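> So the sequences go chain by chain: A and B. First residue of the first sequence? That's 1 in my numbering, and the numbers climb one at a time after it. First residue of the second sequence? That's 1 in my numbering, and the numbers climb one at a time after it.
Honestly, the hints are just simulated from the structure, not real lab data. Do not rely on the hints blindly, as some may be mistaken.
To be verified - Below are the DSS-like pairs computed for lysine-lysine, each with C-alpha atoms no more than 27 Å apart in a straight line:
#1 A:K31 <-> A:K117
#2 A:K85 <-> A:K15
#3 B:K6 <-> B:K118
#4 A:K31 <-> A:K100
#5 A:K98 <-> B:K6
#6 B:K6 <-> A:K31
#7 A:K80 <-> A:K31
#8 A:K31 <-> A:K85
#9 A:K31 <-> B:K118
#10 A:K98 <-> A:K31
#11 A:K85 <-> B:K17
#12 A:K134 <-> A:K85
Unchecked claim - Take a look, some chain B residues computed to stay more than 10 Å from chain A by CB distance:
#13 A9
#14 V31
#15 R37
#16 G62
As the structure is a computational prediction, the values presented were derived from the model and not from experiment. Glycine included, every Cβ here is placed at the ideal spot set by N, Cα and C.
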Amino acid sequence: MSDLLTPELLANIGKEDQPRTEIVTRRDLRKYAIATGQTLRRYLDGDEAPPLYHVALFWDVVVREELSPDGVSIDKLLPKFPLEKAMAGGLQIQYQGKIKAGDVLTATRTLTDIYEKQGRSGPLIFYEIVMQVKREDGSVAVTETTTRILR
Amino acid sequence: MTTPDKAQAGDLLPVRKHVCDEVQLFFYNAVLWNAHRIHYDLPYARDVEGYPGLVVAGPLMGDWLAQVVDEWIEGFAAELVAIEYSNRQAAYVGDELTAGGEVVTVEDGQIVVDLFVKNAAGEVITPGQATIRLGD
């Protein structure tokens with residue numbers, strides 16, 4: 001039996017964010033391509049999105065009042081965890097086709113798992129968020145699973 | 001150097017060097033709308049968080065891994081279908097970093113490659129893996 005993960009906390013598994021819809025613009029694609037140091041012409045020209053572009057497109061646009069003092073936006077999908085120091089996170093992404101300038105994409109994020117493991121220097125809490133990005137016709141473009149560790 | 005159509009397990013992908021400077025880090029976090037101070041407020045990063053410098057954004061290094069694959073398969077009938085990575089250790093503005101990869105398996109029309117961002121000490125700070133589907 002987990003010490004840290006109360007039934008109330010675990011009840012958050014399955015919680016879903018409001019879907020967010022964004023337009024992929026050539027200007028934003030060009031900015032992303034330059035910022036990340038892309039070398040391929042179709043990315044620098046803003047024709048097509050580099051594979052990790054959805055990370056930027058769906059990064060939350062928050063107002064300043066919603067930033068913590070260190071400048072981080074608080075993820076409203078997450079409950080208050082008993083451990084708060086974030087450690088390394090990982091991303092798994094699956095693609096079904098390309099994203100192009102002019103695409104209208106909708107992302108839905110779901111908190112899919114919360115679990116505890118015993119680390120070398122104490123307990124760790126893991127949580128997992130799945131973001132599904134769909135096109136206007138409902139087809140899936142990207143499925144991204146983020147795992148984060150708290151200590 | 002191997003190409004995707006002739007890839008075999010153990011083949012190395014071309015490496016690319018990256019030195020993230022303040023301008024790149026600013027551009028990247030501006031594109032994200034990421035105001036985390038460790039990326040632009042040096043006194044904060046150093047004195048409050050205890051980092052030796054401005055911290056390179058984790059997903060930027062993840063993007064560099066995707067670029068290793070993208071640049072390798074460019075011009076070939078091949079498509080990136082999946083990628084994963086984790087940010088294990090931090091990197092800082094000015095660090096000499098190297099992104100690269102190695103073919104792990106080639107089977108059923110799919111290539112799996114291990115990916116890495118290494119620091120100047122040769123430590124893998126961002127390991128990853130990608131799956132590439134070969135076309136006709």
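> If a hint holds in the structure, say so; if it doesn't, say that too.
Consistency of the hints with the structure:
1. A:K31 <-> A:K117: Violated. A:K31 to A:K117 sits at ~40 Å, over the 27 Å cutoff.
2. A:K85 <-> A:K15: holds (22 Å)
3. B:K6 <-> B:K118: holds (26 Å)
4. A:K31 <-> A:K100: holds (14 Å)
5. A:K98 <-> B:K6: holds (24 Å)
6. B:K6 <-> A:K31: With a Cα-Cα distance of about 34 Å, the restraint between B:K6 and A:K31 is violated, given a limit of 27 Å.
7. A:K80 <-> A:K31: Given that 27 Å is the threshold and the Cα spacing comes to 34 Å, the pair is violated.
8. A:K31 <-> A:K85: The hint is violated at about 32 Å.
9. A:K31 <-> B:K118: holds (26 Å)
10. A:K98 <-> A:K31: The given pair, whose Cα atoms are some 18 Å apart, holds under the 27 Å limit.
11. A:K85 <-> B:K17: Judged against 27 Å, a Cα distance of about 31 Å means the pair is violated.
12. A:K134 <-> A:K85: violated (32 Å)
13. A9: Holds, since 22 Å exceeds 10 Å.
14. V31: violated (5 Å)
15. R37: It is violated; B:R37 is separated from chain A by about 4 Å at its closest Cβ, not greater than 10 Å.
16. G62: violated (6 Å)
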